[in-house]
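J.: Sequence:
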Amino acid sequence: MTNYTDGLRFSTTRLCREANSVHIFLYQDGFGTVNPLGDVKMRHKMVGVYFTIGNMHPALRAKADNNFLALLCFEKDLKKYGVDSIFKVLIDDMKVLETKGLRVIIDKCDVMVHGTIFALLGDNLGTHQMAGLVENFSTHQYFSRYCYTTLSDFRRTPLQDCEMRHQDTYEQDLLGCLNSGKPTRGVKTSTIFNDLQYFQLFELGMPPCLAHDLFLGCFNYDIMLVFRRFIRNKLVGEKYLQSRLNYLLKKFELNSKISLNLNKKCVTSKAIDVWHMIQIIPLLLLKLTRLHEDPAFKLIIMLKNITDIVTAPLISSRQVAMLKLEISHYLEIRSSLFMSPLRPKHHYLSHYHHLILQYGPLMQFSTLSGERKHSYFKTALRHAGNYKNVLKLCSERHQYLQAYLSADKQRFNEKIIYEGTMRTCEDLNKNEKQLMELFNCYGENFKYTDSGICLGTTIKVGYCLFMEHDEFEDLFYIIMIHGIILNDTTDDIFVYGDKISASYFTEMGIPVVQDHSTEDVNCVNLKDLPDITPLKLYRCQENTYLFNSHAIPRK
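Residue numbers for the sequence shown follow our numbering, so the first one is 4 and each next one is one higher.
Hints are not guaranteed to be accurate.
Mimicking PhoX-like on lysine-lysine, the simulated pairs with C-alpha atoms at most 25 Å apart in a straight line are [what the hints assert, rightly or not]:
#1 307 with 327
#2 79 with 450
#3 307 with 268
#4 418 with 463
#5 254 with 91
#6 254 with 290
#7 463 with 66
#8 327 with 558
#9 301 with 91
#10 242 with 267
#11 433 with 463
#12 436 with 450
#13 307 with 558
#14 260 with 381
#15 253 with 539
#16 395 with 66
#17 436 with 412
#18 260 with 290
#19 66 with 83
#20 450 with 381
#21 48 with 301
Calculated from the structure, these hints are not laboratory results.
All chains should be built: construct the whole structure from the sequences, respecting the hints.
T.: Here it is, written out as structure tokens:
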């Protein structure tokens with residue numbers, strides 16, 4: 004599975020399968036525009052509603068510039084007038100798009116385009132507000148929007164099977180709520196989103212948010228529990244963890260700053276920072292062999308393995324089965340090792356293997372691009388210095404920016420952007436010419452460079468790319484990049500370099516390069532690679548490891 008179109012949710016939505024249909028990802032979230040400290044922190048707090056087109060390439064959907072503004076309102080107005088009143092005009096437009104459609108010109112031909120909302124994105128609080136569900140996750144019994152488990156049952160038996168929510172059961176709960184005037188099994192009011200013909204919230208219309216569920220919801224707490232246990236048992240020191248963390252973040256060019264404060268309950272950083280921290284955890288603890296006997300060490304490696312799979316852009320059915328088993332073991336060990344009760348986000352995690360089958364890779368529903376969009380409005384207000392009519396100012400400035408981006412025609416560019424020095428065939432030395440002729444990559448239509456950005460991913464000399472597995476998947480092969488080649492005629496991008504074999508170091512949760520495994524120099528087209536996310540080499544204790552930001556593709 005590489006996209007949401009590979010999930011069961013897409014295959015069961017009739018309108019989405021039709022030609023010339025638009026699939027809309029709608030994102031909503033609240034954000035403050037002034038200093039969050041002091042008595043004015045709620046002033047000018049807004050709710051931003053953005054949308055992106057699911058038909059675009061996943062890398063283009065992840066760009067904040069391709070998140071379009073649908074609605075801006077004050078948070079106090081949303082609470083005062085309700086979701087139905089604020090979103091009525093937007094939903095009416097969606098009804099027109101579903102039924103009558105929109106006539107557009109494509110390649111000088113008039114085409115009637117229909118579409119609907121495919122997914123409602125946001126943090127858990129905002130999503131529950133849109134769906135008319137209870138918004139108290141820590142005390143209310145029916146806290147889950149996916150099933151009917153209760154908080155007490157989950158903490159007592161976290162792996163129990165439970166009844167799933169569907170549109171039919173939602174309507175029964177809503178009827179009970181209207182008759183009693185009280186929330187019924189978590190449902191407290193109706194929602195205008197269910198007025199659409201081809202979109203129903205409780206028919207898998209609300210994908211999970213990895214950032215809020217994992218990096219800000221449970222894993223940031225679990226990491227701190229494990230680190231405190233290690234330090235309490237005198238297996239490692241706090242200063243060592245902090246210095247080693249800073250070193251690895253800098254070495255792998257991860258733009259994050261994390262300050263460990265063991266007096267706090269969780270890692271107090273942004274979601275992207277916690278994700279970066281999880282990526283380097285095996286290398287962070289690599290030299291501390293005395294930790295390996297502690298069961299908490301196994302827990303944190305399982306945390307890394309779970310994160311790698313759920314954040315991967317390409318997931319196989321085998322990996323989904325592995326994820327289900329890994330999550331079950333993780334929750335079991337976590338509840339047995341620590342007195343701290345499991346959090347509601349741990350329950351959301353237990354649904355992830357099922358949700359991947361329904362939605363495809365969950366990372367494509369990440370809300371991080373929406374969070375980046377908030378910063379534009381904050382910057383616009385700060386530079387304008389005008390708070391007379393913030394909604395008008397923000398919306399106008401944003402639309403001016405969108406007009407500029409559309410005129411530039413670079414927002415949907417899928418070609419490589421060069422960062423290094425560009426060379427032609429005349430600039431190559433004798434050995435390079437012979438090598439390029441061997442690969443049939445020599446001529447006036449070819450250009451050569453050392454670094455470039457392809458679909459938001461930086462590729463440069465020294466990085467490695469995954470190629471393929473061996474027959475039994477015990478080993479896999481990577482190519483260590485020596486150079487990048489562009490064919491101007493076909494726009495094909497090639498990389499050439501050494502082909503190296505590597506294997507999985509399961510106990511540490513990181514791949515290790517095989518010694519003396521370098522084979523002949525290879526040249527491959529990026530289109531032929533399943534994943535172009537770079538892997539980075541790391542030498543430690545006479546071994547060479549691979550730093551991977553997510554799971555290696557499996558069959």
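J.: Each hint needs a verdict: does it hold in this structure or not?
T.: Okay, the hints, checked on the actual structure:
A distance of roughly 14 Å separates the Cα atoms of residue 307 and residue 327; the hinted pair therefore holds under the 25 Å criterion. Of the supplied pair hints, the one linking residue 79 and residue 450 is violated, its CA atoms being roughly 56 Å apart against a limit of 25 Å. Restraint check for residue 307 and residue 268: the C-alpha separation of about 20 Å stays at or below 25 Å, so the hint holds. The straight-line distance between the Cα atoms of residue 418 and residue 463 is roughly 15 Å, inside the 25 Å bound, and the hint therefore holds.
Restraint check for residue 254 and residue 91: not satisfied, since their Cα atoms lie roughly 50 Å apart, outside the 25 Å limit. For the suggested pair residue 254 and residue 290, the alpha carbons sit about 17 Å apart, so the restraint of at most 25 Å is met. Between residue 463 and residue 66, the direct Cα distance comes to roughly 21 Å. Compliance with the 25 Å bound is thereby established for this hinted pair. Distance check on the hinted pair: residue 327 and residue 558 sit about 17 Å apart at the alpha-carbon level, within 25 Å; holds.
Restraint check: the Cα-Cα separation between residue 301 and residue 91 comes to about 50 Å, which exceeds 25 Å; the hinted pair is violated. Of the supplied pair hints, the one linking residue 242 and residue 267 holds, its CA atoms being roughly 16 Å apart against a limit of 25 Å. For the hint pairing residue 433 with residue 463, the CA-to-CA distance comes to about 22 Å; that is within 25 Å, so the pair holds. Only pairs whose Cα atoms come within 25 Å are accepted, and residue 436 paired with residue 450 is accepted, the gap being roughly 12 Å.
Taking the CA atoms of residue 307 and residue 558, the gap is about 20 Å. The hint holds against a cut of 25 Å. Proximity of residue 260 to residue 381 is assessed by CA-CA distance (about 22 Å); at most 25 Å being required, the pair is judged to hold. Of the supplied pair hints, the one linking residue 253 and residue 539 holds, its CA atoms being roughly 13 Å apart against a limit of 25 Å. For the hint linking residue 395 to residue 66, the alpha-carbon distance of about 24 Å falls within 25 Å, and the restraint holds.
Taken as a hint, the residue 436 and residue 412 pair is broken in the structure, with Cα atoms around 35 Å apart against an allowance of 25 Å. Taking the CA atoms of residue 260 and residue 290, the gap is about 22 Å. The hint holds against a cut of 25 Å. Taking the CA atoms of residue 66 and residue 83, the gap is near 33 Å; set against the 25 Å cutoff, the hint is violated. Distance check on the hinted pair: residue 450 and residue 381 sit about 41 Å apart at the alpha-carbon level, beyond 25 Å; violated.
Between residue 48 and residue 301, the direct Cα distance comes to roughly 43 Å. Violation of the 25 Å bound is thereby established for this hinted pair.
Consistency note: the structure conflicts with the earlier hints numbered 2, 5, 9, 17, 19, 20, 21.
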